[in-house]
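Colleague: Next come the chains, spelled out residue by residue.
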Amino acid sequence: MASILAVDDSASMRQMVSFTLKGAGYEVIEAVDGVDALNKAKGKTVNMVLTDVNMPNMDGITLIQELRKLPNYKFTPMLMLTTESSGDKKAQGKSAGATGWLVKPFNPDQLLGTIKKVIG
Amino acid sequence: MEIDNQLDTLSMMNSDLGENAEQFLSFFLAGEEYGVDILRVQEIKCWDSATEIPNSPDYLKGVINLRGIIVPVVDLRLRFGLKEIDYTETTVVIVLRVENADKERTIGFIVDAVSDVYSIESDLLQAPPEMGDAIDLDFVRGLTAINDNMVVLLDIDHLVDTEESVGNQSLH
Amino acid sequence: MSIDMSQFHQVFFEESFEGLDIMETGLMDLDLGAADTEEINTIFRAAHSIKGGAGTFGFTDVASFTHVMETLLDEMRDGTREVTRKAVDLLLVSVDCLREMLSAVDAEEEIDQDRTKKLQNDLETILAEGSEASENTAVVVESGTENVVSGGVWSISFRPHSHLFKTGNDPVRMFRELELLGELTSKVETSKIPPFSEFDPEESYLSWEISLKSDCSEAEIQEIFEWVDEDCDLKIIQAAADKNEEPPQSLVVEASKAEVVTKAVVEKVPAIKKKTAKNTGNESSSIRVGTDKIDALINMVGELVITQSMLSQMSENFKIEDIERLKDGIDQLERNTREMQENVMQIRMLPISFSFNRFPRLVRDLASTLGKNIELKMSGEQTELDKTVMEKIGDPLVHLVRNSLDHGIEMPDVRKAAGKPEIGILQLNAFHEGGNIVIEIIDDGAGLNKERILSKARENGLIGENEVLPDEKIHELIFAPGFSTAAVVSDVSGRGVGMDVVMRNIRDLGGVVEIKSEEGVGSTFTIRLPLTLAILDGQLIRVGEHVYIIPLISIIESLQIELENCNKVAGKAELYKLRDEYISVMRLHELFNVIPNSTQLDNGLLVVAESEGQKVGLFVDDLMAQQQVVIKSLETNYQKVDGISGATILGDGTVAMILDLPGLAALSRKKQKTKPRILEEAVA
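Protein chains in written order, with numbering that gives the first Met the number 0: chain A, 0 to 119; chain B, 0 to 171; chain C, 0 to 683.
Everything labelled a hint here was simulated from the structure, so no lab data went into it.
This structure is a prediction, so every number in the text was calculated from the model and none was measured.
Glycine is no exception: its CB is placed at the ideal position from the N, C-alpha and C atoms.
It is possible that some hints are incorrect.
[What the hints assert, rightly or not] Part of the chain C face toward chain A, derived, beta carbon under 7 Å:
#, residue
1, Arg-44
2, Ser-48
3, Arg-172
Can you make the complete structure from the sequences, with help from the hints?
Modeller: Here it is, written out as structure tokens:
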């Protein structure tokens, strides 16, 4: 079973993402911000990281940057969930090591579609 | 409890319901048989004891602990102005869900004994006859005959609707 | 797969309301001109989350409104826009509006479109003026270069840069997606693979020449490579093109969409706001609990289960030698139960900041309405109290704060003339004291005007013409029904209703209010409340065979009655001389019409308790244990009973009544007015 680390400071988004992914048979590890995610990521491997960008304590871009430094996460697909339509955040994310992004608002089907593309 | 089982079997026996039939739980009070809508019955308990509520009417025997909920208990004999008797082995508390004044309450009623469960077609219900001022019949929904015996079907929402019925009697 | 999104709505609303509070607090704290970026960022994030959630859960009105706010905040965050008073004010109003929108959506009511539209316009106007970066429109503009092709063959040259894998991208994914578009053939280029000794498995060395037979558009192919745009050299060329002369299809679609939208707007207009059924009675019934609290509880349940299994094991094969172990086990069970009870209660505890949070805004708005300079200081915001108490204390607090601002703190010129600083200070403090939470509302204003209070009270017949009262009694008069001293009846307070309601609300919560006031210096209102409504420290007492509970907090002392200290006034009202004061004696058996062990005062005990600031003596047969009791309402299934505040269930499962001292005092007064009852003589 593929595991996904889902990071979002908004409880409702986290619930929605987690519910959708679990329903599709993924194992989900939830985290409330970058710091939480980094702690939960250390010492284990996940098949994919899905993170919000704007979060307190540590934002999604920094999280991706930090995760890429970990040996276990060198090649792990990491998607940003972003509402920001400007290319700015995407470029920042890319240079931090993000695999790609998913633009909010998205619905569960779009979410699953994108994830299936990435980790099959 | 034994009585609960009894209730279960009784209601199973009467499963052949007609379209307009209603089920009533009947009980005895001073030799007369009364019925209440079975859907309102929450449970039937043996009489144990109750904690008195200060300055409350005589027929309010007090409150009991029903699995953590405080439930008032009314002695139906006293409520009907009948003679008070010592409680016996068959004395039970029928706990009913009562709705009035937009409020739903759980109230226990002490009766002499539980009797039976009847299915009664609504067209067999007879309106209570005019009794003049002699008896307040607000709480009587109708009359029916079962095996030639009269059963008085009660409107439990009206049994306790006035302030004085479950009310705090003002001090005298 | 279809998922019912409505299951997430409640969480969304809750976190959005919290987000709005964060925004409000943040906006209030912003220093105009030199705002802290991190503070703006916090506000921005809250708006951002609301927008994201609203979009996801389909509340488009909310999403588009929040978007404009977010854009404004974003510019402030980037430093491209100055933090002006005007902008902050507008954002604050927008927060209010958003809160109403969310409430309306939550209650499935119409949103007040007029107000929303107007505010949105105002925000957009602000956005349009000034800042350079104002490409503010909401939607992602779809890439316009749409060349619709039929039966085309695309040739794609895909040359990933060597670091491609390190972005987590895998060419396999791109191929899989391309395959979905049409018939795919590809040629791998391996020339860049280095000799084995230099080979780095983390690098990507391959490139591909792909040929795709498909009706798709270039944009569709580009989308597949979107994430790796900068991590590869990509060329997409149309090999065999049949250019389509028709206008791009997608544009047509867009146009017809636009029509639909306009129509929808037109249809919406006549449906004016119908804000009838407001969900007032429904105090929000859910609570958000920190995971640490839940974890603690789970641990406790674990212990409880262990204790339980230990006890049941012991009972299998019980020998009398085990009695000590059984006792230990039961002690442990008791400890577990108590800890668990405390922890469950803990879940209902919230910091009072939930209630205090509204005050910065309220004080700010009110001060500007009144033309006063007021600084608000708060302390102890983290002090916790029960959620229910918090919900009920909110309005009384607002009232007291308004009162202090309106009647307490003077106008700047008056203050100056009195030699005080022009800026008045209002302090809100909260702290725990014993089993209570204490909330203080302190102002450095004019203080209560005793003369005015007295003359007003005489005017209203609240006190006699020549009655002399000690200071605190005079102060308490402002809580009397129908009392208001405001020289001018203002919008803010002073309608003559309220202070008595405040008093009543606080009393209903089992609390008390004290006033300390000095003319010219200021006033202090001190509210003392039980931490929770659900549990109370009780003293069990006995009258005949009846057990009652007196709240321990109100008991001052209990004493053996000495007959020489008993007096009777006019043959009925009994007084007891306690040291140098006389207190009235209430015989519980008389008030409740029950049979006591004895009616002889010296056979029983006198429980001296405080009720509404006065000492009263309660005559009972005996004192029993002190214990914490869980308060149950009598009103759920019965009704309010004079002299009784509730009931509880004792250890043996029986019900006991909890006494309400002010209620008993009232009952006693009522009894004394009627003829004294003839008592059945002592049964003891």
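Colleague: Could you run down the list of hints and mark each one as holding or not?
Modeller: Hint check:
no.: 1; hint: Arg-44; in the structure: holds (5 Å)
no.: 2; hint: Ser-48; in the structure: holds (4 Å)
no.: 3; hint: Arg-172; in the structure: holds (6 Å)
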